[in-house]
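Here are the chains, one letter per residue:
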Amino acid sequence: MNKKRLFAAILSAAMMLSLAACGGGDKGGTSGSQPSGGSQPSGGSSTSQPSGGDGEKIFIPVMAKGFQHQFWQAVKQGADAAAADLGVEIYFDGPGSETEIDKQVNMVKDQMAKNPKAMALAALSTDAVKEILAECAEKNIPVIGFDSGVPDDTSGAVKATAATNNEAAAALAAEKFGEHEGLVAKMQAATSAEPVVIGCISQDAVSASVTGRTIGFVNKMAEIAEKYQPGKVSIEGHTLWEKKVADPAIIIRVEISATTEATAVQTAATSLLGAKGLAAVFCSNEGAVTGFLAAVSDGEDLAEGGRYADLVVAGFDAGAAQKNAVRQGWFYGSVTQDPYQIGYKAVEMAVKAANGEAVSDVDTGAQWYNAENIDDEMIALLVYD
Amino acid sequence: MKLNEKKIDMQKVLAPAALVILYVFFSVVGDGFLSMTVFKNILESSYYIGFMAFGVTFIIITGGIDLSLGTVMMCAALLGAYTFKQLHFPLIVSLLVAVLVGAVFGFLNGVMVAKLKLPPFIATLGTMMMSQGFGSIITKVQSQTWPTATEPVGGWFKKVFIRADLFGVKGFPVGVFWLIGFFVIAALILHKTKFGRYVFAIGSNEEAARLSGINVDNWKIAVYTLSGIFVGLSGIMYAAAYTTITPGTGNGQEMNGITGVVIGGTSMSGGSGTMVGTLIGVFIMSVLKTGLSNLNLQAPWQTFFTGLVVIGAVLLDIQRTKAANRVKKS
Amino acid sequence: MGEVILKMDGIQKYFPGVHALDNAHLEVRAGEVMALVGENGAGKSTLMKILTGIYQKDGGSIEYFGQEIEIHGPRDAQSKGICIVHQELNLMQDLTVAENIFIGREPSKGLFLNQGEQNRMTEELLSSLHLNINARTQIKRLTVAKQQMVEIAKALSYQNTKVLIMDEPSTALTASEIEDLFTFIRQLKATGVGIVYISHRMDELKQITDRITVMRDGQYVDTVNTADTTIDQVVQMMVGRVIYEEPKSHSNVPPDAEVVLEAEGLTSLDVKNVSFKLHKGEILGFAGLMGAGRTETMRLLCGADKRDSGTIKVRGKEVNIRSPKDAVNAGIGYLSEDRKLFGLCLGLSVADNTALPSLDKLSGPLFVDDGKIHKAATEYVDKIRIKTPTVKTLIRSLSGGNQQKVVIAKWLHRDCDVLIFDEPTKGIDVGAKSEIYKLMNQLAAEGKSIIMISSELPELLRMSDRVVVMCEGRVTGELDISEATQERIMTFATKRELEEAV
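Protein chains in written order, with this note's numbering: chain A, 1 to 385; chain B, 386 to 715; chain C, 716 to 1217.
Honestly, I wouldn't trust all of these hints.
Below 27 Å or equal to it, Euclidean Cα-Cα: the simulated DSSO-like pairs (lysine-lysine) are [as the list claims (entries may be wrong)]:
1) B:Lys470 to A:Lys243
2) C:Lys1040 to C:Lys1141
3) C:Lys1087 to B:Lys579
4) C:Lys824 to C:Lys764
5) C:Lys1021 to C:Lys1098
6) B:Lys577 to C:Lys1153
7) A:Lys159 to B:Lys579
Cβ-Cβ distance ranges computed for the label pairs, FRET-style [to be verified]:
8) C:Gln951 to B:Leu693: 54 to 60 Å
9) B:Val398 to C:Pro789: 34 to 40 Å
10) C:Gly1006 to B:Lys500: 50 to 56 Å
11) A:Ala84 to B:Ile696: 36 to 42 Å
12) B:Ile696 to C:Glu803: 48 to 54 Å
13) B:Pro504 to A:Gly156: 33 to 39 Å
Just so you know, the hints here were simulated from the structure itself, not pulled from any lab data. Since the structure is predicted, the reported quantities are computational estimates derived from the model, not experimental observations. For glycine and all other residues, C-beta sits at the position ideal for the given N, C-alpha and C.
Could you build the full structure based on these sequences and the hints that come with them?
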């Protein structure tokens, strides 16, 4: 009797698995059936083997850093569009959160076992995938970096990267701060007795993109502040960027949250909001914005008459909450990359590389958006929900 | 009585059978699942979970639980890497540091549970947070890297622990020797030593064990410390497989270890379990994860199915216990 | 005596591999107490589970007030008026008496509980049963006997209760509490309720029951009128053989025997200045009522609890016992009254349980020697006749008597010279009891010294060479067996401090 029960259990588990597998296979099937290469006479659409039947179709895994943010969904859209346009098959996946290095490594290893023609990769840690990259180089599998890419690769497997220049993009926010009349006035009026604080909230000090943005913003901001208070600009908060001066009139404070979770970012934001003389805040990615908004009652504190109505806030990336804050005028504005382009270019370059063509780095650009231009056609395309 | 013996035999074949069935299933359905590369992937993602699970098997059999496994493992890996890269310790010393970190947190857990009489759930919840914070404090929230295979200093790290060109095989998964080696050690300790016998006795009836003249408190501290050492080792295996260790992570990893133990048939109420069950439980999870990933099912699916397997395994366990009890009463 | 209200006839029940009940029979009249007796495993519980709907019968018939009925489940039984009071109390300690009685069917006013009505109904019920218990008292503040009565009151609160089954209601009660219970049962009888009374205590049957039904090996043996039979006859029917009974008339210990254990001025929270001596080859009985501090004294002796003051000497040498480990090393083994809670690791095998205190001796430098363990366990299985398929069998599948023997084996193998038996025959059936007695006598003859705590006076009088009586934590008397009687022991056992002062 027990045996029967066991068999039933295994059988039902197996059935569920194969159901799920078919579901997964179907997805691959529909995305692959749109391009011209789909009309194979063999008609073997029932088999869910992606590269087994028709050997001509190129299979490219696209390994992102996460699924957590809507940003990655926009990248996926771009990647899917490129795959459809170019008639290749892709598999887009990423770990649940951007700290799960082990999950991403396993994911990449599992895809490598399928002998892909090329791979697009946004590595959480280059060191963690070093052996895999070496294997790619050896097997002649070109790797295209995207988003933060694969920094400091030494294997030669990474042929090119499709990415935003993060430092330049974040500097854009600092420049916009320099154009804000109220903020400039405050900076001019600042004294050592009553210093002005400009904050920067970042989710971590690990990932290259966030670090790049932090550096880009801090450096540019310091440069602008020096114009008004020469020699009295102090950079504080995190040892990595610390540049303290005695009796500063303008303090640029970098807050790094303890973990990447929203609650941790909120804690960091709350601590920053407590700083006396806080005049402006820059949040270096969507996660930082989400945590920051949580600390200011979902943005209502920034509105007319709110506790922080005078605070000048700039964000980075997009997402529904951030877009709302910008549209309402709670935010001064935000910088956006072009995630759709990142995904599109990554796949496009991977296909080129797979076909043996030469590829080179692409800057996928950044834009400033605020309440006025957020609904412009050009911008609306870039800012994902 | 005969019926009873039969049931126990069923239990012995159940887990291995499930493992084989899963492997065959994925080999048939999957895309190139039945290959050396995939097999290596399965092994390599099993190492660190295996070590964690070996350690916590002891704790669970005593009727306790350790929620700090994941974060202590990360803390051990972080501090090991920190002493190597930032403080320039010799690699071998850094490895010892990792094991020591595990042992110290294990000892701390043991003292809190045995001497201060804190419920294991609470005590280890505390060390879970403490170890995570401690790792972040020491490393100033900077991620730390262990040496990769090509590095001049400590390049042997990966060759010794994860893969090397051996027996004419390129990239032979040497980690499997460590896993099996320590599995044998753990199994011998659990099933063949006085220590192991006391672990079962404490889990089965702590008061009876105490009244039998066993110093339950000290043995419990030893159990948690031993588990801590295994967690330290799992930190090393994790580092060997994934190189970069991020501060503030490790939450949730403990569930990988605990799940392996539970699937392997160890009872959460203590008093019964086997080390070989744990090993198989760990492999079942790895095969499941790798297999689902091979089917291009994304991470959420893997989590979902692992949950299903855990519930299934525990349900079967309950069924077995019920059946055994029914026979006993009549 | 009233009409027959319940008749179970030809009941059959099969479990996988076991024919648990074969032609079982039971008949209950209104207003009588029918004893149901039999050794453990005789099928009493199974039969009662069928009657209360927990199991379904595989054959036979149940006639209730002249009509054949089927009982579909516990609720069905309850609604038909068949209720059971289990051996283990099923009360929620933190709730009040009223809350316990009406749990699951609380009177309510709209959305809210009607506490007042609930308490009023409870008080009515309790006073109708002549019980002096406050409805608002938390269960944990009541004595075990009172809790037992609350259980019974709860069973009777289902208004139409006609048959009440009481499964060993007296196990946890002291002599005076049992008297209360019996008074209560007699009152209940008068209201016309038929009572099925299950007990292992033979002396109780004479006092309270009208008829006795005996079961053996799942089969019906006979039903007799209590007044017309002797206890010996009942026991013979139960075990199917004659039990050898002989009360001890004089001590077997020579007066000059070596003093093996000497306790002086043992004191803790529940123990007040207790001193006594134990000789080689002696069985020293400890008598007293529940809560007299006997178990607490023994827990001090074996290091389970910390003593505030007092000394313990083993063979004339003082030993500092601070933990069970010290006691075991001094050769003192404790057999708790609650084997399952304190004596055995139920999930381990017979062999592992036997070896537990002596693993040091049974281990090599690294590993335990399973061969040695099995050899040792097998030796004791043979020596003290433990009935088990193999020494690898899990201890939980053994009967109570055999479990007790494993506890004995474990201390014998540890070379303990002093064995403390705390209620050694509690919950053990008659046949196994006499085996345990034989074993204890045999051990004493071999030169072991035994302390035996028992609440059953006949047992104490039969086994002991000397009896120490305790009351409220103090030793109130010491009697040589030649001068000990039930009455004298009871006098000492109820000798309260106040009376003594006067």
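Consistency of the hints with the structure:
| no. | hint | in the structure |
| --- | --- | --- |
| 1 | B:Lys470 to A:Lys243 | 24 Å, holds |
| 2 | C:Lys1040 to C:Lys1141 | 26 Å, holds |
| 3 | C:Lys1087 to B:Lys579 | 13 Å, holds |
| 4 | C:Lys824 to C:Lys764 | 36 Å, violated |
| 5 | C:Lys1021 to C:Lys1098 | 35 Å, violated |
| 6 | B:Lys577 to C:Lys1153 | 36 Å, violated |
| 7 | A:Lys159 to B:Lys579 | 59 Å, violated |
| 8 | C:Gln951 to B:Leu693: 54 to 60 Å | 59 Å, holds |
| 9 | B:Val398 to C:Pro789: 34 to 40 Å | 37 Å, holds |
| 10 | C:Gly1006 to B:Lys500: 50 to 56 Å | 31 Å, violated |
| 11 | A:Ala84 to B:Ile696: 36 to 42 Å | 39 Å, holds |
| 12 | B:Ile696 to C:Glu803: 48 to 54 Å | 31 Å, violated |
| 13 | B:Pro504 to A:Gly156: 33 to 39 Å | 55 Å, violated |
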